[in-house]
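Student: Position chain A relative to chain U; hints supplied.
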Amino acid sequence: MEDALTFLKDWTRDGLLPWSAQCAAVKHFGTSHAAMEGLALENGLFPARYQRNRNMISTAEQLRLFQSRVAVIGCGGLGGYVIEELARLGVGQIVAIDPDIFEEHNLNRQILSTPATLGKAKVEAAVDRVAEINPAVTVTAVKDAFCLANGFELLAGVQVAVDALDSISYRLELAEVSTAAEVPMVHGAIGGWYGHVATQMPGDTTVQRIYRHWVAGKGIEQQLGNPAFTPAVVASLEVAEVCKILLGKGELLRNRKLSIDLLEMEVHEISYEVPMKLVDAA
Amino acid sequence: MHVTVKLFATFRNGRFKIAEQELPEGTECRRVVLDLGLTEEEIGIIMINGRHGTLDQKLAHNDVLSLFPLVGGG
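Those protein sequence lines, which keep their order, are chains U and A. Position 34 of the first sequence, counting from 1, maps to 1469 under our numbering, and the rest follow consecutively. Position 40 of the second sequence, counting from 1, maps to 434 under our numbering, and the rest follow consecutively.
One thing to keep in mind: the hints can contain errors.
Non-contacting residues of chain A with respect to chain U, defined by C-beta distances greater than 10 Å in every case (computed) [what the hints assert, rightly or not]:
1) I412
2) E414
3) G431
4) E435
5) T448
6) K452
7) A454
Computed far set for chain A versus chain U, every beta-carbon distance over 12 Å [unchecked claim]:
8) Q415
9) E416
10) L417
11) E422
12) N456
Chain A stretches covered by chain U per the calculated footprint, using a threshold of three residues with CB under 8 Å from any CB of chain U [to be verified]:
13) 397-407
14) 457-467
No lab work stands behind these hints, which were simulated from the structure alone. These figures come from a predicted structure and were not determined experimentally. For every residue, glycine included, the Cβ atom is placed at its ideal position computed from N, Cα and C.
One chain only, chain A, in its complex shape:
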């Protein structure tokens, strides 16, 4: 299946802003995160097609997955 992955802020460093990925049917969001070399602890926001998602969520064909890092300073 075909998934568009969008990265934001520091997640873009050494990676990309937007990429098209071919993934096996039913791939979980977590798999994509780990394959990008990101850890679960770094994740701030997961959006799937503009709605909030979770790491456990299974992706579907033509989904757009957006990942933002955790920001907590002051």
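Next up, chain U with everything else stripped away, as it sits in the complex:
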């Protein structure tokens, strides 16, 4: 590793480590992209591929992102964009969870789907896509539905759970497991021109309260479907929340939900502040 570090340092120009040098180091020392990226960041070398993150994300923060593990539950409309953005951001470990394969009706919006990936497991497509865009990121593919039975295990070691599910009942299970596992959950949901985002920190019950009137079935997405742009908008807002949670900066969508209407271009903030508890007189 000493040799590898010297190698990386020698190739660093103006504080930036070029991708070509990272590749050469991987080849020369017979190691992985993840190992080289970790070594570089731990020693203050900023991989040039992240240079436009700089001034917004410091080297220490880029290292923290690299050392983070984020679970993406659902790899369809929202999940595809979430995974794409997490990988480009430089989040080192992504757990991609989805039981489904790509079907033709996914092609209008799900970024991981192409005519060539029809019939392919969504999580496999996620692995392939991330390997293509950022080989330093490790994707753990889980071709299974997230539920109460396996949830705890799937969230082990995870810093944030991203809700990219298309079912309210599974979403409520994710909220329950996230609370029990003390993992922050970034919640997103879409339907047609509409969507919403909220962040639930351990101990909060925001997601349960968002769906307090839910009885059974789906929401407006059942009639409206989903177009190309709504998942991209909501997924991007979710990733911004993930980034802030991992770096401990900014103001989260905690105890509030952003409701987005892309048809009328309206954004509404709905408060989920817990009413102040009054002290009982003894």
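Tutor: Okay, now just chain A, sitting in the frame of chain U:
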């Protein structure tokens, strides 16, 4: 009594964004929802004067009732 009803997202289709309604004293939120041709299953959020409400809740004079549909896709 006088109540302002605000509708959001798909609830506006064929209806309105905002309307003033004259309702009998003590009308429940559910009555307003059903009179709009909406079903209980479609309801995502009920806000009464900016606070979360329920279908059973009785409305009062000058209340502002906001209704959002359920959104659950991904």
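Student: Hint by hint, say whether it matches the structure.
Tutor: Now for the hints, and whether the structure bears them out:
Distance check on A/I412: its Cβ is at least 13 Å (rounded) from any Cβ of chain U, clearing the 10 Å threshold; non-interface status holds. A cut-off of 10 Å between C-beta atoms confirms that A/E414 is not in contact with chain U; the least separation is 20 Å. A cut-off of 10 Å between C-beta atoms confirms that A/G431 is not in contact with chain U; the least separation is 14 Å. With a cut of 10 Å on Cβ distances, A/E435 falls inside the contact zone with chain U, its closest approach being about 6 Å.
The non-interface label for A/T448 is inconsistent with chain U: the shortest C-beta to C-beta separation is roughly 8 Å, within 10 Å. A/K452, annotated as away from the interface, keeps every beta carbon of chain U farther than 10 Å; the closest lies near 17 Å. No Cβ of chain U comes within 10 Å of the Cβ of A/A454; the nearest lies about 18 Å off, and the non-interface call holds. A/Q415, annotated as away from the interface, keeps every beta carbon of chain U farther than 12 Å; the closest lies near 21 Å.
The beta carbon of A/E416 is kept farther than 12 Å from every beta carbon of chain U, the shortest such distance being approximately 26 Å. The non-interface label for A/L417 is consistent with chain U: the shortest C-beta to C-beta separation is roughly 21 Å, beyond 12 Å. The Cβ of A/E422 lies farther than 12 Å from every Cβ of chain U, with a closest approach of about 14 Å, so its non-interface assignment holds. Chain U leaves A/N456 outside its interface by the beta-carbon criterion, the shortest separation being 20 Å against a cut-off of 12 Å.
Counting residues of the stretch 397-407 of chain A whose beta carbon lies closer than 8 Å to any beta carbon of chain U gives 3, which meets the minimum of three for the stated coverage. Coverage of the stretch 457-467 of chain A by chain U holds [criterion: at least 3 residues with CB-CB distance below 8 Å; count 6].
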